[in-house]
Each structure stands twice: as structure tokens, then as C-alpha cells.
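Keeping their order, the protein sequence lines are chains H and D.
Its first residue numbered 1375, the first sequence is counted upward by one per residue in the numbering used here.
Its first residue numbered 1375, the second sequence is counted upward by one per residue in the numbering used here.
Just to be clear, a hint being listed does not mean it is correct.
If chains are identical, the list can't say which one is meant, so a pair holds when it fits in one copy or spans any two.
[Claimed, not checked] As a list, the in silico DSS-like pairs of lysine-lysine whose alpha-carbon atoms are at most 27 Å apart:
(1) K1408 <-> K1533
(2) K1417 <-> K1533
(3) K1541 <-> K1417
(4) K1533 <-> K1518
(5) K1417 <-> K1518
(6) K1541 <-> K1408
(7) K1518 <-> K1541
If you are wondering where the hints come from, they were derived from the structure by calculation, not from laboratory data.
Note that this is a predicted model, so its numbers are computed, not measured.
There are 2 protein chains.
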Amino acid sequence: MSTTDTPVDNGVNVAALLGAREAFTAAPEAAQFKWRANCTWRKGTHSSSTVDRFFGLGEEQQHRQTYTFDADHPEIFASEDNGATPVEFVLVALASCLTAGVAAVAQNREIQLRSVSATLEGDMDVSGILGIDSDIRNGFSGIKVTYDIDADASPDDIKALVAQSQKRSAVYDIITNPTNVTVEVR
Amino acid sequence: MSTTDTPVDNGVNVAALLGAREAFTAAPEAAQFKWRANCTWRKGTHSSSTVDRFFGLGEEQQHRQTYTFDADHPEIFASEDNGATPVEFVLVALASCLTAGVAAVAQNREIQLRSVSATLEGDMDVSGILGIDSDIRNGFSGIKVTYDIDADASPDDIKALVAQSQKRSAVYDIITNPTNVTVEVR
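Excised from the complex, chain H in its bound form (with noise of 0.2 Å):
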């Protein structure tokens, strides 16, 4: 643990953020988002979804450039591999939600990181959706993350770091918790 003359500066603008925060207090319908994606089927198991506009702060909103993802199975499923799979995207989305929290608590709480990285787990067992065995569920048994951190903290704080990160995560609360999902066909 060491001190720095200059100040911490994590690239996240807290003061933004507080100030959007008594902007929402004020006026909640602009608190109210809606965000999107579109998917394409291309062949097989391979589809390329992109993500561009959402809704925001009462307007619509776009992002500063349409962002694409291919998706598909392994090899091993008798698949061409042309993406990550769709659970390794639901991985990707829980890693960068409770990376950037971190950043945001840590710039918050003053203090600097100078290193965060995370490896994320998730165990499967397959009978599920290849419909062996109905006892066993489709998506993941458990998540495991693990985070290595280098800052200007101590260990105690590192933790309360990330603690207060998943207690502020959308994506930890979307997989933790249930969230309803309506399915239609047009």
C-alpha cells in the first residue's frame, strides 16, 4: 500500500454519475431504459446479433457505433465455431458489469487501480439441454468469479470493492435472481 501525490483517477466520472443520480431523483421517468438487441439467424447455429439504439433519459439513444456478435456452437456440437457461444456471452456480460462497478466504487471510495482482472467459471452439464435427463437443469449448476487486484488498498477494502460491486450489478442481479422473459412470434 503505498500514497500518491496525484489524485485517483480510475477514468470514471463519479461526479457525473452523483449528479445523474439527483437528476433521477427528480425527474424518475427519465431513470426508465430500455435496452436492445437484434438477432439474425445465418445458418445452423450460427446467428450475428448487433446492438445499436436503446432508450434512455426520456429520448431515444444510440450508441456511438452498431456494435455485431456472432454467436455459434463448438466443433465438438457438430458446429462451425464461427462465435462464442451464447452462455460464454452470458459470462462476458457478468465479467465486464462487475469490472466496471469495481472502477466505479474504487474511483468512488478513492482509490486507485493499477490492475483488475477476472476468469469466470461456469459448470454445465450438458444432459440438460440435450434433453438426457429432465432432472437437470439447462443453463449453468453455479458461477464461479475470480478476481485478481492491483490497488492502492488494502486486501480488506479490494474485497469491500467488489462486494459493493455485485450488490450494484445489473447482470449479477439478472442471473442471480429471476427476471421474466415473454417470447413472441410475429
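Given chain H's structure and the hints, the job is docking chain D onto it.
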């Protein structure tokens, strides 16, 4: 609805999948998979995640290539929008999982698909993640998936395809049911 002389081909090797089902029934330990992602913090809310190796069929496996995904928050949250948001990755995961399932089920039911596309929208009150109101959850209040499918089948058969895909979807299960997540700091 029309009939064709050519065999149904959606690009899914159903014979291989049914073979896998037999193989896993005979050797259940081969069905134990571990899916992984690694995440490195860049700056602020920006991170890069990679997907490369996984475990299955009793041994280490590797994708044809390493897939890399940048995630970030949008500019309206005072971030740089260097990638899709973590919650949009959840939508991509759900879209790609259900769409791969539609293709696989269609193949098994001998339904020729011509086009499949899906639009996903997840509602979120960001008062949750900003800590404004602890009664508001961090994640989506709900997700709506809408499919447009052109296939050699009746509207009812197409709806049944999508329903069966939901029933066997890993990501649909992960989102609609709780999954245990353990987070550790090394």
C-alpha cells in the same frame, strides 16, 4: 406452406446431436462442461473479455480462435462507449441461444427455415444500479423477445418451434431462474 423435393437443411447436424445424446447417456461424465471467460479492465467502465478455452468431453477444448469483446457504458453515463453495455450482452446471449435452438428444433422436425430474426427489449429502471431506490432491482424488470420466422410450416408449428427452443435453452434458463454466483478475490 409448400412442400419441396429437396431434403430439409437448416445447417444443423441433428444426427450428430442425437449421437452425442447417446454417447452422453452411456458416459455421463463427458457431459460435464466448464465454460470460461477472462476479463481485463481497461479504463473507467471499459473492459475487454476473451473467450477461448473450455472443458468438455472429459478434456480441455479450444475454440477455433479467441473471441474478444469490449464492453463499456454509453456516453450519457459519462463513459466512452467503447463497446456494448454488459446488459446488452445478456440480450445477445438470450437471442443467440433461442435462435440456435429454433434452427436445431426445426431441423429435427424437418421444417425448412427461410429466415429467422428476433428483436429483444429489456426494461430497466436505472434507479436500481444508481442506488436511488433499494426497492428497485438492478437488473431488467422484464425482457420481451419477438420473433419473425419465415419457414415451410404453419403458424402453429412455428410457434411450437420457438416454445421447444425456450424449453431447451441454457440462457433462457439462466435468466428466468436463479443461478448461484460465487465471487472471490485472489
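Cross-check of the supplied hints:
In this assembly of identical chains, the alpha carbons of K1408 and K1533 lie at most 27 Å apart only when taken from different copies (25 Å versus 32 Å within one copy). For a Cα distance limit of 27 Å, the shortest separation of K1417 from K1533 across copies, 20 Å, qualifies, whereas the shortest one inside one copy, 44 Å, does not. Taking CA atoms no more than 27 Å apart as the test, K1541 paired with K1417 passes between copies only; the shortest distance there is 21 Å, against 39 Å inside one copy. Taking the shortest Cα distances, K1533 and K1518 sit within 27 Å of each other inside one copy (15 Å), while across copies they are farther apart (36 Å).
With identical chains, the CA atoms of K1417 and K1518 are at most 27 Å apart between copies only, with a shortest distance of 24 Å across copies and 32 Å within one. Taking the closest pair of Cα atoms, K1541 and K1408 come within 27 Å of each other both inside a single copy (21 Å) and across two copies (26 Å). Taking identical chains as interchangeable, the C-alpha atoms of K1518 and K1541 lie at most 27 Å apart whether they share a chain (16 Å) or sit on different chains (25 Å).
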